[in-house]
Structures are given as structure tokens and as C-alpha cells.
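Chain Y: place on chain G using the hints.
From first to last, the protein sequence lines stand for chains G and Y.
Count along the first sequence from 1, then add 11; that gives the number in this note's numbering.
Count along the second sequence from 1, then add 1007; that gives the number in this note's numbering.
Source of the hints: derived by calculation from the structure; they are not laboratory data.
Derived lysine to any residue pairs resembling SDA-like cross-links, with alpha carbons at most 25 Å apart:
| id | chain 1 | residue 1 | chain 2 | residue 2 |
| --- | --- | --- | --- | --- |
| 1 | Y | K1057 | G | F361 |
| 2 | Y | K1129 | G | E249 |
| 3 | Y | K1229 | Y | L1247 |
| 4 | Y | K1129 | G | Q230 |
| 5 | G | K96 | Y | E1225 |
| 6 | Y | K1070 | Y | I1249 |
| 7 | Y | K1229 | G | I118 |
| 8 | G | K229 | Y | E1134 |
| 9 | G | K291 | G | S89 |
| 10 | Y | K1229 | G | I228 |
| 11 | Y | K1047 | G | V364 |
| 12 | Y | K1047 | G | P217 |
| 13 | G | K153 | G | V103 |
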Amino acid sequence: MLKKLLAVALAVIMIAALAACGKKTEEEADYSFADGDQYEYIGGTLNILNWGEYIDEELISIFEEETGVKVTYVEMTSNEEMLIKLRAADCVYDLCFPSDYIIEQLIANDLLLPLDYSKIPNAKNIQPRVMKIAEGFDPGNKYSLPYFWGTVGILYNTKLVDEPVDSWDILWNEKYAGQIWQYDSVRDAIGISLIRLGYDINTRNPDEVNAAKDELIKQIPLLKGRGTDDIRTNMINEQAALAVIYSGDAYECCDSNNDLAYVVPKEGSNVWFDNVVIPKTAKNVEAAHAFINFINDANLAARNTEYCFYSTPNQGALDLLDEDFTSNEIFNPTDETLARCAVFHDLGDFVEVFNRAWDEYVSATGVH
Amino acid sequence: MKRRVFAYPYVVWMILFIVIPMLFIFYYAVNVNGQFTLTKFIATLKDAGKWKVLWASVVMAFKTTLICLLLAYPIAYILSNMKKSVAGFISVLFFVPMWMNFVLRTYAWQAILEYLLPDLKKFLGLEGSVLMVLVYDFLPFMIMPLYNTLSKLDKSLLEASRDLGANSAVTFFRVVLPLSVPGIVSGITMVFIPAITAFTVPALIGNGMYHLYGNEIELAFKTLSGQGDYAVGSTLSIILLISVLVSTLIMNHFDKDQQQGGQLW
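Looking at chain G on its own, in the form it has when it is part of the complex (with noise of 0.2 Å):
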């Protein structure tokens, strides 16, 4: 009996402070925006379709207090399922946030509403060097803003790499043999070949596909293995020495662990975008803009950016965030960098070559 009492007594607490917790952080929740923006009543519903965990959602909640507009935000886990979503016929969202290439397929396809910039007077925070290589599959910007974005580079283990890393040659020394990780994704491993031997990563050219595929070929019994997210937790736990890797993810692994660094090769890299864009099919278009405008923010921004650890391209975040984030190379790469960069294009019919030299390296790095 007294126990049970005791158990109750307990949950009761716990239950107490939970809700003592959660009022807290509600009533901390002050905010302010960078230029005093005012946002007007709007009303209605904006449904948002995002990556998971790619925003602060208290965001949202600023949002639906200042403008009275109730947000309905759904997660996808790839580009792929989110084209799926956007060319349904009933297709209920009012903005979403695709990956480069998708958003030229979208284009092609017409299924964007070109921007209201005028309705979007905080795009003007946005760094024009990303705007203008954001160009490159959104040309003059009319359709997407760059929300989050960032490189392809190597992840490496200074105690046991000792010499200078600034190749992509490095994956291929027989040296680090069973110490390397392969990105297992045919745009970026397929990629990283191509430049590696000179070639564009949207190259149409069957041959140069070939020998980049060729070359994979002859790493695999250098590979530790090929993955996506597992290959960050093996890299903090220093069970490899050298992993390609996204700069968002690069930034998390080398802040956990102080022997690791990130670099973006000296022969380029890809350079990745994810932009904000309203589908054709939105229902308030009002709200999407207002949303955009207030993403971009120099406030809200920023804080979004210390929530989500991804390189901002807003400026105005930028001069507010740390001298640690904004000094880093991982997290805002530097002019030289970029320019030796390249975005991913859409391959339209082509994909097929890279889809079938994808399929015969992949089954030989399963060769028993």
C-alpha cells in the first residue's frame, strides 16, 4: 500500500515538474526581429513540407503567434519522396525546401511559383556569392531562395593521417588501406571519381562515367565500408582515418572529436543546396512569402542556425553568430573554396549511364 501511494506520490512530481518545465521555456521565449519587422495578420493555414529536424520549431510557433497562421509542418526523408508529394495532383503544401537539383526538375516540370521578392525584403541578407552560384540551376533566383547549404569534403583523423591531406587521392592510397569510408550515394561517390580524374561532375559522357566508375572499382579493397550516417560515429570513435562527408555532418564530428578536420579537396568538390520554394499548387501564398521573409531574419536565422548547425547563407545571421562558427571553413566556406566547387545539374535521361555503372560497382564491392 505505502508503496503504492509512493509510486503515485512520485509520478505526480515528475508530472509537476514537467509542466513547471515546459511553461518556463515558453515564457523565456522572447524574440525580436533584426529590422523591427512588423508582420500583419494573414490567417489561414501554411502547410510546410521539410527535412527532419531542419528547423527550430519554436520558429513556427513565433510565426503562428505573429501572423495568426496555423502551420502544418510535415517531415520527408528524401528529395525523392518530397518530387513524389510535389507532383500529386492534391498536392496540399504551400512551401518545401528540395535539394539543387530536384528544384531545376521542378522547374522543368513548371511546378514552382516564381518569388515575390517584394514581399520579401529580408532576401536581400542572403550572400550574393551564394545567390549567384545558386544560379546555377535557379537562373536570376526567380524561383528558390538558399535556406541552408554547404560542400563535399574529406573527414580525417590528424593522429593518424601525418602527412598534409588535400587531395582526393588520398581515398585511393594504399597506405590507409581498410581505413577509408566511400559515400554510399551514386551523385556523390560517382562525383567525387569524376573530379578526382579531371571530369565534371554532370558530365553526358558515357566514357568519362566509365573510368570514374572504374576507378571506384579499384578502392574498394581500400574501403573500411560505404555508408551515409553511420560513417559520422565511426569517425568520433576513430575506427577509420579518412571518410568523405558532408560539411554540416564534418562540423558535428570534428566539434565532438578535436583530431578530426575537414577539407575540401584542392581538384573541387560538389557544392550542395537546399532552397526554399513555393510549389504552383499553394493554397496561401500570402503566408508562404510572409514565412520566407521571416526565416530570413537576421535574429531568427541565426538562431535557427545554432539549432540546426547547418551553414547559413543569410549574412545578417552570419555577423550575429560566433566568431567560432563564422571563422570556420567547414561552416562558411571561404570565396577560394567555392570557386573550385561545382552544383549537382539534373541528368535527365543520362542518369541511366551513371545508374548502371552505379549498379556494377555496387555489386562489386559485394564480390564474394
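Same frame as chain G, now just chain Y:
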């Protein structure tokens, strides 16, 4: 006859989730972009690389089954000779891991082999590591039917064998072993079939560098841009389906000769 009505939910279930999906597989195998064509189907059948992977999967499943049998038989035999209460307790220990999801356990092995015992993984190699985890995962499925058969064995037969002058080795090989064949066949079926279609274990333990047939099918369905090759993936699925069917028929054939004795399923 009215009781038939209770079977309807299952019939509906079967049509929705077994028959229709199978029809989809056959449809996609011979249709590309809505047009009937056999080119991809035939090209996949001719692809020697895929057959090699199928053979590797069969060999892997065979090894898994053999090791499971060699490990499980003595365990089941010892258990069946113990006092019921003790045996019950010990067999629970064998089955406790099965209360946890199989994928979670495989994740645990991934962490153990990668971070706790990296030397063991180096020693075993990727193939050896995959084999070890497969054996770990499927061992209870072998112990269960064996224990069930052996514990139901009529002990007076063993006494009779000894009375007639057979030593324990002869008793085991001429009496116990033949009588436990139904359990062995059940165990083999329950290990071999899931092992040949293994997908999670090689995916999680193989560092993306060791594929079995299941992984090959996944690869076909999700290549670049999600525009997976449904025709190839479906063809591979059909081949696997037939392989499993053939294995089951072979097992059943063995089983037919031995209908007596305890069987779990």
C-alpha cells in the same frame, strides 16, 4: 459449415496483402513505363553477377543452418534430459533475446563489432561477421523444434535399446537421432528460409560492402533519384520467390517420411 465465415477476414487479408502484391511483382517484371516488354526480364535472367550473389546467399544460408544445427542439437539434447523445471528455466534464457526486436539486436551487434570488439570483426572479416550474427539471430529457431521433439521422445525406447545391449553411442545414432528427424527438418526450414532472404544483417554488419540477394533487390528498387528499376527488382524477387519455394518443397519431401514425433509447427 457456417463456421466458414470466420475464415473470411483471413481470406480478405490474404488477397490484399499476399495475392495482389504478388501480381504487382509479376506486372512490374514485364512492364516498363506501362508497356509490356520482356527485355529487362530476360536481361536480368542473363545477368551472371546476380546469379553469383544468389549462389552466395544459398551458401551463406547453408552455412548458417549447419552451424545452428551443430550448436543447437547438443543444447536441445542436454535440455531434454534435464529436470523439466530446470530445462524450462534455461530454455527461457535462450528465448529472452527474442523478446526484443530482431533489427535492434542486429544494431547492437553492429555496435559491438564496430566499437567494442573491432579486432574480432577484423579476424572474422565481413563475411564471417555476417555469418556469426545470422547464427546468433536464428539459433533459437533451431533449438525450439529440436527441444520439443527430443523432450517428447519416449524414454522407454532408450531403456529398451540399452537392455538389448547397445552402448550410449549406438543408442544415440540408431535411436535418438532417427527419431528426432522431424525436429531437425523443422529447424532447418525455420533457419534456412529466413537466412536465404537475409537483408538486415548484411546491410548493418557488412559496412555496405557485403551483399546478399535481399540487398541486391533493394539496390534495384532504389537507384539514383528514386527512379529505381522496378523491372529488374521484380525479376530478382521472382527468382528469390522460386528459390524459396523449391527449398520448401525439398524440405517437405524429407518431412513426409517422418510424420511421427513432436513437431512445433
